[in-house]
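Undergrad: Using the sequences and the accompanying hints, generate a full structural model.
Protein chains in written order, with numbering that gives the first Met the number 0: chain A, 0 to 483; chain B, 0 to 341.
Misleading hints may appear alongside valid ones.
[Said to hold, decoys possible] Incomplete in silico selection of chain B near chain A, CB under 10 Å:
no., residue
1, E5
2, F125
3, G127
4, A186
5, G187
6, K188
7, S253
8, P260
9, G265
10, R290
11, C307
12, P314
13, E315
14, R323
Because the hints were derived from the structure by calculation, they are not lab data.
The model shown is predicted, which means the values in this text are computed figures rather than measured ones.
Positions of the beta carbon are idealized from the N, C-alpha and C atoms, including for glycine.
Listed below are the residues making up each chain.
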Amino acid sequence: MIANEAVRRLQAILPPHCLLLAREDLKPFETDGLTAYRNTPDAVALPETEEQLKQVLAACRETGTPVVFRGAGTGLSGGALPVDGAVLLAMTKFSRILAIDPLARTARVQPGVRNLAISEAAAQYGLYYAPDPSSQIACSIGGNVAENSGGVHCLKYGLTVHNVLALRALTIEGEELVIGEGALDIPGYDLLALMTGSEGMLAVILEITVKLLPKPERAQVILAAFDDVGKGGAAVGAIISGGVLPAGLEMMDRLAIEAAEAFVHAGYPLDAEAILLVEVDGTQEEVSEDVMRVRDILLAAGATEVRTAKDDAEQKRFWAGRKAAFPAVGRLSPDYYCMDGTIPRKTLPAVLTRIAELSREYALPVANVFHAGDGNLHPLILYDANQPGATEKAERLGADILELCVAHGGTITGEHGVGLEKIDQMCVQFAPAELEAFHGVKACFDPDGLLNPGKAVPTLHRCAEYGAMHVKGGALPFPELPRF
Amino acid sequence: MIELIERIRTATGPLAIRAGGSKDWYGEATSGEVLDVSANRGIVSYEPGELVLTAKCGTPLAEIEALLGQNGQMLGFEPPRFTGSATLGGTLACGMSGPRRPYAGSARDFVLGMEILDGNGQYLKFGGQVMKNVAGYDVSRLMVGALGTLGVLLQASLKVLPRPQAELTLQFECDEAEAIRRTNEWAGKPLPLSATAWLSGVLSVRLSGAHSSVAAAHRKLGGEETAHGAEFWAGLRDHRAAFFHDDAPLWRLSLPSTAAPLDLPGRQLIAWGGAERWLKSDASAAEIRARAAAHGGHATLYAGDKGCGVFHPLPEALLKYQQRLKRQFDPRGILNPGRMYP
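TA: The following block contains the structure:
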């Protein structure tokens with residue numbers, strides 16, 4: 000439980016409507032986008048001003064109370080999952096767009112601003128904010144910075160880290176850090192890169208300046224069908240080595256196609272083993288040239304069918320199927336568990352073959368949705384949480400898939416973050432010395448370890464136990480987690 | 000590598016990390032025994048279809064660029080090669096990017112992963128060879144621009160880009176304020192810009208992309224096409240252009256791209272769509288730094304008397320955390336001590 004002294008201090012700082020302590024008020028904050036994990040927080044602080052935020056952090060530091068930050072709560076790795084005895088500090092009330100500078104192509108925003116709201120506000124100038132995680136209608140830019148979020152256009156336009164120009168952040172020690180002011184680089188070490196993707200472990204973000212890009216003159220989507228997943232993967236490599244840098248390059252396997260088609264009737268070919276969606280954008284002329292090149296490459300790579308969206312409506316339909324892939328798969332099964340590994344693209348056939356084997360071994364269906372351009376694979380494991388042991392089984396299959404990604408030279412998380420979900424797989428990806436270095440970085444900013452404790456970087460002790468757990472097999476992962 | 004680890008472990012005093020030596024002049028002076036890392040060279044892997052290249056850090060940029068060129072690809076950040084001996088490691092340690100930077104990204108933007116030796120000679124590996132990777136703190140990118148003060152860079156994986164089919168350079172006569180306004184306005188439109196530079200009343204603009212797209216942008220923008228575009232941009236990229244060669248101190252000001260004309264004595268070359276201003280000036284360091292800061296940027300001394308300090312002074316809070324990071328990665332303070340900040 001949170002210390003009484005901490006609660007008294009918070010009550011003195013925050014007006015009653017900014018501090019939730021009653022169980023029925025706290026319940027909605029028990030989980031983030033990874034709903035398999037739940038833990039009702041002890042207290043939720045919703046400061047409205049930076050002054051309140053500073054005082055809350057000071058009170059937490061002085062009473063030794065841990066703090067977990069939360070944006071819109073759409074994260075998929077449990078990064079905002081409440082920790083026992085901690086204050087859950089929700090940044091939702093910092094939701095103002097402070098300035099848009101159309102000439103400099105920047106937007107200065109508070110962390111609680113929704114990702115899509117930035118593009119909507121910039122649209123009148125013909126500009127937009129490029130990273131577009133699929134939760135973009137709801138997720139906050141502060142959360143995007145914390146997780147270094149991606150989206151479907153990363154190959155060409157990068158992740159959050161490539162699109163943030165400046166940050167203002169506050170450390171638990173009460174120091175305000177002004178990291179950049181809008182120039183393209185900053186003096187000293189690149190703290191902008193270090194803060195981005197730090198999962199609320201180093202500091203809290205007060206303000207963000209993002210880069211805005213001109214809307215491309217034209218975007219064109221091409222759909223290609225393949226009778227073999229490997230051929231589809233090879234086609235992706237051929238497009239890229241052929242000199243085209245598509246804005247989006249997405250792949251779906253048979254199960255994902257069937258689910259999406261049944262859900263949104265996107266017009267996908269149902270006899271295909273895999274489809275590729277290729278979006279090329281740029282000037283009118285560039286797009287016309289690229290469409291022809293991509294068509295030729297796809298056909299040469301053995302596509303059984305290549306379709307260019309005839310009009311805007313068809314283009315939207317092609318994308319709608321992909322964007323609705325998660326909920327569509329959700330209709331096939333009571334629950335699904337979304338993984339987030341990244342692999343070198345050339346290893347795709349081997350990785351998919353092994354995932355199919357694992358799927359059979361565990362007797363759990365897996366649908367694969369793949370940001371093929373940047374190698375980010377989202378296997379969706381279908382299960383029924385009401386079946387005893389099914390959740391644990393799905394988690395074990397998920398862990399095996401992530402470790403498979405590492406074995407093929409990839410990583411356990413491309414864009415969702417480690418949070419609590421993948422903390423054990425960090426032991427597989429990194430050596431003890433590297434994990435120690437991460438703990439050392441954290442200690443530079445948060446010497447008492449009060450920010451989001453137990454997330455993102457495992458202790459060596461935990462890794463030792465994880466190793467043991469693997470030997471035993473069948474043991475429950477995350478034994479310290481309350482389960483509901 | 001074993002030899003390097005041994006050298007670092009057994010070092011009793013500071014080490015000055017050096018490979019090609021093309022940027023010996025950059026940064027503060029550092030004392031110490033030279034740690035020559037140039038033998039750690041060679042391209043480890045390159046997959047054109049993956050857009051990923053991995054090389055040991057002592058590999059000359061020239062070797063990397065030659066291989067990429069054979070496959071119709073390039074380093075998107077167009078790093079300076081200076082005398083030609085520049086290596087991958089030195090380029091990343093200095094965090095230097097060339098004319099294409101505002102439109103394609105910086106050196107750190109293209110880094111996917113890094114292997115280093117820390118100040119205890121401990122081997123550490125961060126990031127990887129994939130475009131998207133958010134496991135752990137982004138230590139690879141933290142190394143970029145850290146001037147070797149946080150670790151000896153051993154190996155790096157980079158994202159590379161396809162070379163544009165066509166490039167052409169247009170020139171316009173205009174004054175400084177007009178050049179800043181135009182380059183910013185154009186950057187807000189869907190045009191295939193890949194570099195800009197204003198010098199002595201002439202604005203040069205490079206367009207890159209498909210033939211038809213470059214031609215269409217030329218029609219929209221007007222201007223005079225120059226036949227010497229490639230040499231011009233190389234001269235800017237590698238500081239071989241005449242502008243850089245006289246005895247006046249050379250400053251690099253990194254500013255928000257829309258910052259108004261600086262009104263400082265001396266001559267200027269404005270690159271990066273207004274965001275990078277090269278200044279040849281005898282004005283005092285204090286005046287130049289104050290002007291840069293007032294515009295929301297910073298100033299770095301590239302050539303001249305280093306008594307005034309090379310890098311822009313950091314606010315106390317930032318300096319505190321940077322010093323802690325330095326102690327974390329190099330507790331004995333032996334890697335390039337003082338090369339960046341005292």
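Undergrad: State for each hint whether it applies.
TA: Structure-based check of each hint:
no.: 1; hint: E5; result: violated, 17 Å
no.: 2; hint: F125; result: holds, 7 Å
no.: 3; hint: G127; result: holds, 5 Å
no.: 4; hint: A186; result: holds, 6 Å
no.: 5; hint: G187; result: holds, 5 Å
no.: 6; hint: K188; result: holds, 5 Å
no.: 7; hint: S253; result: holds, 4 Å
no.: 8; hint: P260; result: violated, 15 Å
no.: 9; hint: G265; result: violated, 20 Å
no.: 10; hint: R290; result: violated, 13 Å
no.: 11; hint: C307; result: violated, 14 Å
no.: 12; hint: P314; result: holds, 7 Å
no.: 13; hint: E315; result: holds, 9 Å
no.: 14; hint: R323; result: holds, 4 Å
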